[in-house]
Every structure is written in C-alpha cells, then in structure tokens.
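There are 2 protein chains.
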Amino acid sequence: MEQYSQQLDGIFQALADPTRRAVLGRLGKGPASISDLAKPFDMALPSFMKHIRFLEDSGLIRTRKEGRVRTCAIRKRPFATVETWLSAQRAVWEARTDRLERFVTTARDKG
Amino acid sequence: MEQYSQQLDGIFQALADPTRRAVLGRLGKGPASISDLAKPFDMALPSFMKHIRFLEDSGLIRTRKEGRVRTCAIRKRPFATVETWLSAQRAVWEARTDRLERFVTTARDKG
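Heads up: the protein sequence lines correspond to chains A and B, in order. If you count the first sequence from 1, position 100 lands on 207 in this note's numbering, and the numbers rise without skipping. If you count the second sequence from 1, position 7 lands on 114 in this note's numbering, and the numbers rise without skipping.
No lab work stands behind these hints: they were computed from the structure. Model, not experiment: these values are computed from the prediction. Glycine included, C-beta positions come from ideal geometry on N, C-alpha and C. Some hints here could point you the wrong way.
Claimed, not checked - Here are some of the chain B residues that sit facing chain A, going by a computed Cβ distance under 8 Å:
hint, residue
1, Leu-115
2, Ala-123
3, Asp-124
4, Arg-128
5, Leu-131
6, Lys-136
7, Phe-186
8, Glu-190
9, Val-199
10, Arg-203
Stated by the list, open to error - Pairs of lysine to aspartate or glutamate, DMTMM-like flavour, derived with a Cα cap of 20 Å:
hint, chain 1, residue 1, chain 2, residue 2
11, B, Lys-217, B, Asp-205
12, A, Lys-136, B, Asp-205
13, A, Lys-157, A, Asp-116
14, A, Lys-183, B, Glu-190
15, A, Lys-183, B, Glu-201
16, B, Lys-183, A, Asp-205
17, B, Lys-183, A, Glu-190
18, A, Lys-136, B, Glu-201
19, B, Lys-183, A, Glu-201
20, B, Lys-146, B, Asp-124
21, A, Lys-157, B, Asp-116
22, A, Lys-183, B, Asp-205
23, B, Lys-157, B, Asp-116
24, B, Lys-136, A, Glu-201
25, B, Lys-136, A, Glu-208
26, A, Lys-183, B, Glu-208
27, A, Lys-183, A, Asp-116
28, A, Lys-136, B, Glu-208
29, B, Lys-136, A, Asp-205
30, B, Lys-183, A, Glu-208
31, B, Lys-183, B, Asp-116
32, B, Lys-157, A, Asp-116
Take these sequences, add in the hints, and give me the full structure.
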C-alpha cells in the first residue's frame, strides 16, 4: 500500500509537466532516441535529460542504450495504475449516489 | 490549449501527494468540514490548510464558509479532464497498434 502510494506520487509528479507529457505523447507513437525526442523543445540537453530521468524513475518510460544511442519507449502499466486509482474514486462517488437514491426512494415510499 | 496544459499541471501536481489523495477519497463520500478532514492526519493545521488550498487552486475541490465552519466538497470536472487526457494517450497507442496490424497483414498478403 505504501509502495503503491509512492508509485502514484511519482507518476502524478511526472505527469505534472508539459514537456514530460509531450514526450509521452510522442512515445505513444513508438520508441524514439533521446536526441529525436529533444528536437521539438527549445531546451538545453541537460535540462531535457532531467525530464527523461524523471519519466524513467516514475516508470512511465524505459530507456535502453544501443551503441551511442539511448532509445526511450513508453511503459503502459503506470497509466493503468492511474486509471485504477481514478476508477476507485469514481466507485466511491457512485456508492454515495446509490445511497442517496436509496434514501430518497425509502423516504418517498414511507411518505 | 495553454490553459488546458496549465490546468493539467495543477491537477497532476495536486494528485501527487498521499494526504491530498486521501482528502479526495474522503470527500468522494460527501462534503466535510476542514476540521473533520484534518482529524485522521498527524499534521499541524497550517500544513493541512496548505494541502486544502492546493486542492482548491487545482479545482479538485471547492470550499465554502458558513459561519465559522469551512466546508469542502469534491469537484468532478478535473477528474474528467484527467480521464480525457488518458484516453487521448490511449488513442495514440491504439492508432499505432492498428498501423502495425495493417503493416503485418499487408506484408503477409504480399508474402
């Protein structure tokens, strides 16, 4: 549970940045090298690398070095983790709506 | 687009903390006063208030003061914003899978 919570912290933190979201959007289309990924951004490479490392640490991407080129690929599991968390929230709201509905129905039948 | 991106930054940042996620989980069951919300947390009130303000600024909750009590309630729209973003990512992956499938099918039919 603690681990799951820390994982969510890392994933949400990684998603809270437009550069990192754009990189994920690009990687959704297929793996890419870091230099190709960096091209659309007006950013020094060390700053860009920080974003890549952040994404890798959160588990949202994996990287692999082949010769002198480091290639990045998206990992889908953390997206599923976020979706599971969102569904759990939605389940709480829906349980509440059901309780309210039962209350209203009971009140009406009694009234 | 810029506004949407900043909104996502704020929402994801707000979700990247276990206290704030726990508050949202509680508020999913119905509105609550700040003092009730703070009870389960071993945290000074000013620190807790920072989390509440963070959640309010991101749009994930709204607060209303009635007399001396400030009540918080969840707002569902930002959750939908996150779900929309996740669906857009998934659509990119699925488009890619479709392209790969067409490629494999074409290669097989030609081969």
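*Of the numbered hints stated previously, which ones are contradicted by the structure, given in increasing order?*
Of the numbered hints given earlier, the structure breaks none, since each of them holds.
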